[in-house]
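Colleague: Required output: the full structure, derived from the provided sequences and hints.
Protein chains in written order, with UniProt numbering: chain D, 1 to 418; chain B, 1 to 82.
Hints listed in this document are in silico derivations from the structure and should not be mistaken for laboratory results.
Pairs of lysine-lysine residues, derived as BS3-like cross-links and limited to a Cα-Cα distance of at most 27 Å, are as follows:
#1 B/Lys-66 x D/Lys-336
#2 D/Lys-336 x D/Lys-200
#3 D/Lys-200 x D/Lys-160
#4 D/Lys-184 x B/Lys-66
#5 B/Lys-66 x D/Lys-200
#6 D/Lys-160 x D/Lys-184
#7 D/Lys-147 x D/Lys-160
#8 D/Lys-336 x B/Lys-62
#9 D/Lys-160 x D/Lys-108
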Amino acid sequence: MTSLAAQMPGLGDHRGLRGTYRLFAAGNNADISAHVQAFGPLPASGIEGDFIDVLESAGLTGRGGAAFASWRKIAAAGAAARSRAIMATKPVVIANGAEGEPLSFKDKTLLAHAPHVVIDGLLCAARAVAGGQMFMYVSAPSIPAVKRALAERTDARNIKIVAASETFISGEASAVVNSIANGKALPLERRRRLSDSGFKGRPTLVFNVETLAHMALIARFGAAWFRCVGTERDPGTRLLSISGPISGQILEVAGDVSLEDVLTQSGIDVSTVGALLVGGYHGRWVRRLDYRLAPTGTESHTVRPGAGVVHVLLHSQCGLEATAQIVSYLATQSAKQCGPCMFGLPAMARVMNAIAYGDRDPRLLLELVRLSDVVTGRGACHHPDGTAELVRSALDQFSEDVDAHLSGTCLKTKGRRS
Amino acid sequence: MREVLHIDWTRCDGRGLCTELLPTLLGRDDWGYPLAMQAAGGDPSNVVIDFQHSEAAADAVKLCPKMALALAYEADQADETW
Ligand code: SF4
Ligand code: SF4
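Modeller: As structure tokens, this is what we get:
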């Protein structure tokens, strides 16, 4: 491994690339010249097969939710492509910018202001697997900026833009592949990995756009540079979409940051915060602020960032009402392909709403726990599992509220219960 | 390697023929969909099939009107969703 200084020749020349301020260092609405001025050109070589090793030492994980090790995905797709006996099948690489999660807007922001970083990353990933077709699957509002960016460069002619649908589930990896191949943004029943057999049966890589953006910078500045922010188990930076009582904002934070730090950096008065929803609608409610935000670690000290969502609930707001609204929404977003999800989620929503809005039947709590267990793991995608996780965390974190509701009061909205 | 009966939830319509053929391995949930009594690796889409039920499981695969069932060996199952 070369030294850190040797890995970053002239990094000081690139304005802004210090601390955790990385992905947006080229400024707002960065065109190709602002991009190249800030980051330098994408290296012409050195991003072939051995880029996988660089990614492995960088320790980059997916930023779209599941946090898989990026190098493992690339290695699996490469191996699958090599193992095809006749007619080498070139892997397909997809940049996933479908941000169906209502509380997430970091990917749209990234595509609007730093599209070239994402495009660079897509080119890197494709080069690393000797890939063929490349797609950018982005929601309609992102298309103009991406189109403009693609038109500004000569190395991106093989990239095709596909419009993502605006459903919660549209960004699920197999739904992305299904949408591009068949125009249906529904998850696929899969018994093989996409990296093995995805788009038209070819080895397929689906990467979140932020993951690709990190790749683009790792390709330039190296693994050690990436790791000089964050911690051993969660190196580098990640984007967060912060929402709640304040208007939404995007933060780029160090890996393994504490929730308290996140709030302070967002300018939120910690004393007003009752709870945080972390990870998104498939995430987890937490009330303590000393949790660290990292994809691995014990449940009692870490909370997974998921798609990078931190949503603030004030002391004055009722967590059960908030959860009921989310579960109602999630029930409408079942792709209605799988029975337990199609029927189970609306059933969960009914019970959750009953608890939140004044029904005092003491059996409701056990019924909700039972339904959460019934739906878990029984769908083609993780939609039921994520919904059940959210509900379990609400029952756990807001247990005093549940008791109060079931005895006819609310700790938050004070006595307006029946 | 254990034999595993995989349920494709996108196809299954919950009419419950399989639960009749394999009453000790499959229950029914609130809506009639098969519910694994013993899930392979904790995954309720994969039902552990012991030797004495191997034939009944093969029948279920053949007779499922939606072709929602498949037999496999545990090691063949994709462990991650990417
Ligand atoms: S589990 Fe639900 S959301 Fe996922 S594919 Fe099945 S029906 Fe659709
Ligand atoms: S027989 Fe097939 S369609 Fe019927 S419940 Fe069983 S798996 Fe579902």
